[in-house]
Amino acid sequence: MAALLSYEQAPPLSVPYRFFLSAPLFAAAAGLLLAWRGDEVLATRWSMPALAVTHLMTIGFLLQVMCGALMQILPVAVGTHLWRARAVALATHLGMSLGAMLLAAAFLLEKPALFAVAVPLLAGVVAVFVAVVVAALLRAPVGNDTVRAMRTAMLGLAITVALGATLGWSFVQPSQLPIIELTHLHAAWGLTGWGLVLLVGVAYLVVPMFQLTPPYREKLSRWLPTALAVALAAWSALWLAGQEARHWRTLAFLAGTGLVVWFVLATLGLQRRRRRKVVDATLRLWQAGMVCMLLAVLLAAALDSAEGELRNRLEVAVAILMLHGVFGSVIVGMLYKIMPFLNWLHLQQVVRQVPSMRKMLSDQAMMRHAWTHMASVVLLLAAVAVPVLMPVAGLALVVTSLWLEANVVRIARAYRRVRASGGSAPAGAVPPCGDAGGG
Amino acid sequence: MAGTLVVDGRDMLPPEPMERTLEALDEVGDDGEVLLLLYREPFPLFKILERNGYGHRTTSRDDGTFEIRIRRVA
Numbered sequence: 001m002a003a004l005l006s007y008e009q010a011p012p013l014s015v016p017y018r019f020f021l022s023a024p025l026f027a028a029a030a031g032l033l034l035a036w037r038g039d040e041v042l043a044t045r046w047s048m049p050a051l052a053v054t055h056l057m058t059i060g061f062l063l064q065v066m067c068g069a070l071m072q073i074l075p076v077a078v079g080t081h082l083w084r085a086r087a088v089a090l091a092t093h094l095g096m097s098l099g100a101m102l103l104a105a106a107f108l109l110e111k112p113a114l115f116a117v118a119v120p121l122l123a124g125v126v127a128v129f130v131a132v133v134v135a136a137l138l139r140a141p142v143g144n145d146t147v148r149a150m151r152t153a154m155l156g157l158a159i160t161v162a163l164g165a166t167l168g169w170s171f172v173q174p175s176q177l178p179i180i181e182l183t184h185l186h187a188a189w190g191l192t193g194w195g196l197v198l199l200v201g202v203a204y205l206v207v208p209m210f211q212l213t214p215p216y217r218e219k220l221s222r223w224l225p226t227a228l229a230v231a232l233a234a235w236s237a238l239w240l241a242g243q244e245a246r247h248w249r250t251l252a253f254l255a256g257t258g259l260v261v262w263f264v265l266a267t268l269g270l271q272r273r274r275r276r277k278v279v280d281a282t283l284r285l286w287q288a289g290m291v292c293m294l295l296a297v298l299l300a301a302a303l304d305s306a307e308g309e310l311r312n313r314l315e316v317a318v319a320i321l322m323l324h325g326v327f328g329s330v331i332v333g334m335l336y337k338i339m340p341f342l343n344w345l346h347l348q349q350v351v352r353q354v355p356s357m358r359k360m361l362s363d364q365a366m367m368r369h370a371w372t373h374m375a376s377v378v379l380l381l382a383a384v385a386v387p388v389l390m391p392v393a394g395l396a397l398v399v400t401s402l403w404l405e406a407n408v409v410r411i412a413r414a415y416r417r418v419r420a421s422g423g424s425a426p427a428g429a430v431p432p433c434g435d436a437g438g439g
Numbered sequence: 001m002a003g004t005l006v007v008d009g010r011d012m013l014p015p016e017p018m019e020r021t022l023e024a025l026d027e028v029g030d031d032g033e034v035l036l037l038l039y040r041e042p043f044p045l046f047k048i049l050e051r052n053g054y055g056h057r058t059t060s061r062d063d064g065t066f067e068i069r070i071r072r073v074a
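Top to bottom, those sequences are chains U and R.
Going by my numbering, the first residue of the first sequence is number 1, and it counts up by one from there.
Going by my numbering, the first residue of the second sequence is number 1, and it counts up by one from there.
If we strip away everything but chain R, and leave its shape as in the complex, we get:
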């Protein structure tokens, strides 16, 4: 399934955002993208993504939300 799947983890307690993100990555496949929204940078997740062939791009919003866009590295 290509396209972007949004995981809004801002109202979730750890470790649910990480679990949902990993499930979402399985769901979108190699061509899709997952957009994770959090109030912090998820360092443990970054390392997992790197080791499993995913790249991520992080931007921050004025309200303190971090937008983390994750997709498979070509």
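Chain U extracted, bound-state conformation:
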């Protein structure tokens, strides 16, 4: 029956792979910038190099992989179709790649003309992406907790980008808006309303599936994304209300912190009870991500009582923990499960003997890179305390990002090679030449 298989609900492999193959290069660029101008990044999160590094990571790396993964997960795991998936992926990928480069250049060179191109471009492609994904989510045949979390996350992404576009445009046309307050909201919605809510929703699906754990408890999986969004909305409103609402704002922050800690402890607990006792790169990276999340909320809680240089350093540490430690670790871990699985799924259509997923990239190769990734997180955090380490830490980010790039290229090439050979070529052999992605 295998020869008759059809996966028409799965978009072409090029749809997610174009994002996966280009994203690590942006993280490498962020590492180079850290190695070059890390002292300015450490001085304050408001410096132009800090903003350039942040957006290379958030738009260039994280948003790209998240978009690619969403476009794949929706049809395969949620059972819903994306409108013109190939065209939307092409436009979104080009727009985000170009937009991230232009925005980073705009911050570094402080050129309003570059903001004038980057901001509408990014806002436009994200608006199209959000519209297509929301339409697909509304058509989903099931209304499970992952679907509900994804709907909430898309609202978070829309708010993040609307705030970001407003802030970015203020470099083109100075405004009277409260820029500092809006920047805090932009960062909070990006990290929590979009990134964290999406991570939680995806965790419901992939932690039990790929790590063979029991499912998340219904009380947590049903309410946590909504509760996080409500706490964030309350915190945002109280932030805009000014100093007199400070105590209520702290309460909303603590409520959000409690929800995050609940999720982290639940995830680590499920992983301890996993039925498959093998330790692989994905498990270690998820665990590292959860530990980083705990550290990040602890440091974020200490921010209010810190001042001056200590506060600056703490803010940079929270950003490193969230962007590279939490989202970076989980994303690398997921790529090592999703890409071999997608290869397998698509190869079923064209070859009779599909090699095992484990032959696409060896467990050892993934684990070696996972340790390098975690070492780069530790080095970056160490550099916050000992700034002289920042050039080395920046280069560590370059190395781990280029290593990831090499590994995703190897997985993509394994697909091409097996497909071209009709199933007779070994998946793990290194080809003399060939292109990546496609499908």
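Source of the hints: derived by calculation from the structure; they are not laboratory data.
Being a predicted model, the structure only gives us computed values, none of them experimental.
Just to be clear, a hint being listed does not mean it is correct.
Unchecked claim - Result set (SDA-like, lysine to any residue): computed pairs, CA atoms no more than 20 Å apart in a straight line:
hint	chain 1	residue 1	chain 2	residue 2
1	U	Lys219	R	Arg61
2	U	Lys219	R	Phe66
3	R	Lys47	U	Val351
4	U	Lys111	U	Trp46
5	U	Lys337	R	Glu41
6	U	Lys219	R	Tyr39
7	R	Lys47	U	Trp46
8	U	Lys277	R	Val73
Start from chain U and add chain R according to the hints.
Chain R only, in chain U's frame:
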């Protein structure tokens, strides 16, 4: 071979449950049934079944298990 063949995919990593189910369908033939147990709904499998002339009925248990009964459509 008529009758019901059970594929318990709850302790298997993807894509093994799908591979085992397809093998089981070959084994039970046109009159038999395959019962697949999973902690999630396998959407890619549903489409494959539909295109190859199989029907399926899904029910869920309190422990989060989905029971998917698959047989050839008459």
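- Item | Contradicted hints - numbers only | 7, 8
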